[in-house]
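**Q** Sequence:
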Amino acid sequence: MVFMLAFFSRFVKGIQSGYSDRARTERFALFSRELQPTPGKRVLDVGAGQDFFEWFPFKDRLLVLNLLEWQGRRTWNGREVPHVIVGNGCRLPFKDQALDIVYSNATLEHVGKENWQAFADEVRRVGKSYWVSTPNKWFPLDVHYHLPFFHFLPKGMQRWCAKAFGLDAHRSEVFLDTDLLTAEDLRRLFPDAELVAQGAVIPFNWSAYKKP
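Just so we're aligned, residue 215 is where the sequence shown starts under the working numbering, counting upward by one.
Treat the hints with care, as some may be off.
[Unchecked claim] Restricting the straight-line Cα-Cα distance to at most 20 Å, the calculated cross-link-like pairs of lysine to any residue (SDA-like) are:
1. K377 - P362
2. K351 - K309
3. K309 - K327
4. K327 - Q311
5. K309 - R338
6. K342 - V415
7. K309 - E268
8. K327 - K377
9. K342 - L367
10. K369 - E336
11. K255 - T396
12. K425 - E268
13. K351 - W330
14. K351 - V340
15. K425 - H324
16. K309 - H324
17. K377 - W352
18. K425 - E240
19. K255 - L244
20. K327 - K273
21. K351 - K425
22. K425 - D393
23. K425 - K327
24. K342 - D265
25. K351 - R241
26. K327 - Q250
27. K255 - D235
28. K255 - R275
29. K273 - S246
30. K273 - H324
31. K255 - V340
32. K369 - L394
33. K255 - E268
34. K273 - R305
35. K369 - W330
36. K351 - Q311
37. K342 - K327
38. K327 - F272
39. K255 - K327
Rather than coming from a laboratory, the hints here were simulated on the basis of the structure. Computed from a predicted model, the values in this text were never measured in an experiment.
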């Protein structure tokens, strides 16, 4: 039983990996189409994903913010990451409307439900426009553990299952405190935003964005 669950998780992860790559590419294309970044615009990535840095064409205009120095590095695939900021997405070190675009992907669900509002308020305060993406709570497959309905279990049971079934230790530390959001949550947190879904029948991801 333990082996089968761990195997199933890894099997689904392998399938989902290619699908996730396509989903990210689609998301970047939507972001680019709606917010139209240019060399003259200052862009902040809150949560600092390497995928976005790799894709973003104007790297000298990109500010990268994370709780820790950017995953321990200031270079990525031989490219220098010019502007790394250690900070908290709930207390952004910028003046009001100081940035042309604030971008955040798969970060909001990790700040804690009690900090959702502070995170959203800061994004809206410092950005003339913004794009915030997060997995859909009602999607049946857990996006971190790759197991169906795992994220609906109580946190204590999630922790027990992660240990008992030998799930990836890194995920156990990073993802067990995840609080996934619904479309209604995003509408409440970002009342001036438009929402776009990814996924056919049940969206697996929501993005809230505001144009300049």
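**Q** Are the hints correct? Go through all of them and say.
**A** Okay, the hints, checked on the actual structure:
{"no.": "1", "hint": "K377 - P362", "verdict": "holds (17 Å)"}
{"no.": "2", "hint": "K351 - K309", "verdict": "violated (32 Å)"}
{"no.": "3", "hint": "K309 - K327", "verdict": "violated (25 Å)"}
{"no.": "4", "hint": "K327 - Q311", "verdict": "violated (25 Å)"}
{"no.": "5", "hint": "K309 - R338", "verdict": "holds (11 Å)"}
{"no.": "6", "hint": "K342 - V415", "verdict": "violated (32 Å)"}
{"no.": "7", "hint": "K309 - E268", "verdict": "violated (27 Å)"}
{"no.": "8", "hint": "K327 - K377", "verdict": "violated (24 Å)"}
{"no.": "9", "hint": "K342 - L367", "verdict": "violated (38 Å)"}
{"no.": "10", "hint": "K369 - E336", "verdict": "violated (28 Å)"}
{"no.": "11", "hint": "K255 - T396", "verdict": "violated (30 Å)"}
{"no.": "12", "hint": "K425 - E268", "verdict": "violated (23 Å)"}
{"no.": "13", "hint": "K351 - W330", "verdict": "holds (14 Å)"}
{"no.": "14", "hint": "K351 - V340", "verdict": "violated (27 Å)"}
{"no.": "15", "hint": "K425 - H324", "verdict": "violated (25 Å)"}
{"no.": "16", "hint": "K309 - H324", "verdict": "violated (24 Å)"}
{"no.": "17", "hint": "K377 - W352", "verdict": "violated (24 Å)"}
{"no.": "18", "hint": "K425 - E240", "verdict": "holds (18 Å)"}
{"no.": "19", "hint": "K255 - L244", "verdict": "holds (17 Å)"}
{"no.": "20", "hint": "K327 - K273", "verdict": "violated (31 Å)"}
{"no.": "21", "hint": "K351 - K425", "verdict": "violated (25 Å)"}
{"no.": "22", "hint": "K425 - D393", "verdict": "violated (27 Å)"}
{"no.": "23", "hint": "K425 - K327", "verdict": "violated (26 Å)"}
{"no.": "24", "hint": "K342 - D265", "verdict": "violated (23 Å)"}
{"no.": "25", "hint": "K351 - R241", "verdict": "holds (18 Å)"}
{"no.": "26", "hint": "K327 - Q250", "verdict": "violated (30 Å)"}
{"no.": "27", "hint": "K255 - D235", "verdict": "violated (26 Å)"}
{"no.": "28", "hint": "K255 - R275", "verdict": "holds (7 Å)"}
{"no.": "29", "hint": "K273 - S246", "verdict": "holds (14 Å)"}
{"no.": "30", "hint": "K273 - H324", "verdict": "violated (25 Å)"}
{"no.": "31", "hint": "K255 - V340", "verdict": "holds (14 Å)"}
{"no.": "32", "hint": "K369 - L394", "verdict": "holds (12 Å)"}
{"no.": "33", "hint": "K255 - E268", "verdict": "holds (18 Å)"}
{"no.": "34", "hint": "K273 - R305", "verdict": "violated (24 Å)"}
{"no.": "35", "hint": "K369 - W330", "verdict": "holds (18 Å)"}
{"no.": "36", "hint": "K351 - Q311", "verdict": "violated (30 Å)"}
{"no.": "37", "hint": "K342 - K327", "verdict": "violated (25 Å)"}
{"no.": "38", "hint": "K327 - F272", "verdict": "violated (33 Å)"}
{"no.": "39", "hint": "K255 - K327", "verdict": "violated (31 Å)"}
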